[in-house]
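Colleague: Protein chains in written order, with the working numbering: chain P, -19 to 260; chain U, -18 to 185.
Take the hints with a grain of salt, since some may be wrong.
Here are the computed lysine-lysine pairs in the DSS-like style, where the Cα-Cα straight-line distance is at most 30 Å [as the list claims (entries may be wrong)]: (1) U:145 with P:202; (2) U:35 with P:42; (3) P:108 with U:35; (4) P:138 with P:42.
Hints listed in this document are in silico derivations from the structure and should not be mistaken for laboratory results.
Spelled out, the chains give:
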Amino acid sequence: MTETKGMDWLAFFRKYRRQTTQSLIIAIIIIPLIRPLGLPLPITERPKAVYAIIETLGPETKVICSMNIAIGLMGDVNPGTIAIFHHLFRRGVKLYIVGFNEDGVSVILEPYILAAAKPEIYGYVYGKDWCVLGYVPGGTVAWSTFAANIRSAVQYDKYGNYIDDLPMMKGVNSLNDFDIILDCGGDHTDIVVQQWADPYNKPYISSAGIGGVTIWLEPYFKTGQLDGYVAGVTQGAEYEQLVGISGRALSTIDGVALSNLFILTLVILGNIMLFKSKVR
Amino acid sequence: MISTDIAIWIGALWVIFAYSFIIRDNPLFKFCEATMIGTTAGVFTVIAFDNIKKLALLPLIEKQAYINIIPLIIGILLLAQVSRRQFYLSRLPIAIMVGGGIGTAMSRTITSNIVIQLRSIMVPLPKTPFEILNIIILIVGLLGTLLIFTYTRERKGPFGWVTKIGEYLMMAAMGSTFGLLITMRVTYVITRLQIIVFDLLGLG
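Isolated chain P (complex conformation) (with noise of 0.2 Å):
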């Protein structure tokens, strides 16, 4: 009888599309959007470290942000961003920002990022309390480039303004001038590690994607070499809760927990399914 059983569930699985997945996915992530479950969400100690990094900064600080989020990551790595935007912005820093990547600073940046942390609502004037210098090509080199002279990499914003006619570029002219790094994007993290932050000593802090913390946060992490990071769309709903604004990331994680679950359903019942199979 269990024998029957087994097969029955043995042929179920095989005949099973993936298509069925997608939709159930699908279904799974719609319902909590229309009607959210609430879920609890602790704040881990990564965005914390964040947190607490950029609440010892003030007006005088200046803050180098390399944009590099690429399109197909913006859906994990906007929320977390956008709130710590909002959170510099909240300390009156001084914000620079730059992209190594096509799509940061010319895709990204402003229909998205700025739209929803809207720097003129904290009293930010353009070219005195934040700038954005363009894209600059090049990979590594360019990194290493701008950081050693920024005026060797960079000559005008992104908006066709000479440099050096924006007020708070006055004194500004290396990596050294500058009071801290925070990288928005995540896939660059090694780079940033060699050519910024480790070779100029700054503190350095990531908005990244989730899939990148193995391979490419937590190993700095652990050395001290990156300070926080707030990966993903979880720690970034956990920074919209210290920041206290409500964003898109705390309305997302219900999706995502009841999506991973669903998968992890999916994964064990694969496993168990397979064992039979080799038991048969």
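Dock chain U against the given chain P, drawing on the hints supplied.
Modeller: Here is chain U on its own, set in the frame of chain P:
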């Protein structure tokens, strides 16, 4: 309240077109795919031209930075790739880019990725049983993972055991990365669906 913003409608429709692939490949998906590729190519072409303007041409014209003529010429040489006869000219800019990249990266990689990472495992002698266990896992894990890449010795006896542990640890690390990547993709789906649920339909 359903949105009347045309941009949101386009965004939502394209999300639906893209996910219609779940059912099967269809003309709407193909249309969505083609427009995405076309738009991306268009946007990045504009970005590339904007870069040439801001980084090379404007400083050359407005600030008389004549040194910029050299990178401009080197950049133009890259276009020789399209010619079979002049193809060899494109090797110079490629050599400069690859050589510069490797040289810059290598000089820092040893300090940041090897010396400092190795220094982090040279911790003080453990005191509590938990710390001792942690150190044992660290040492066996490190040795095991490194020894996997020894191909000149048969994996037998203690050597085989250590490499087996290294193998499991690597699989655990890769499994964790893969799991996190799945979470990231799910997040991406959620944010796309938020366009339909929140922005278009005004629910939630």
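Colleague: Please list, smallest to largest, the hint numbers that this structure does not respect.
Modeller: Of the numbered hints, all hold.
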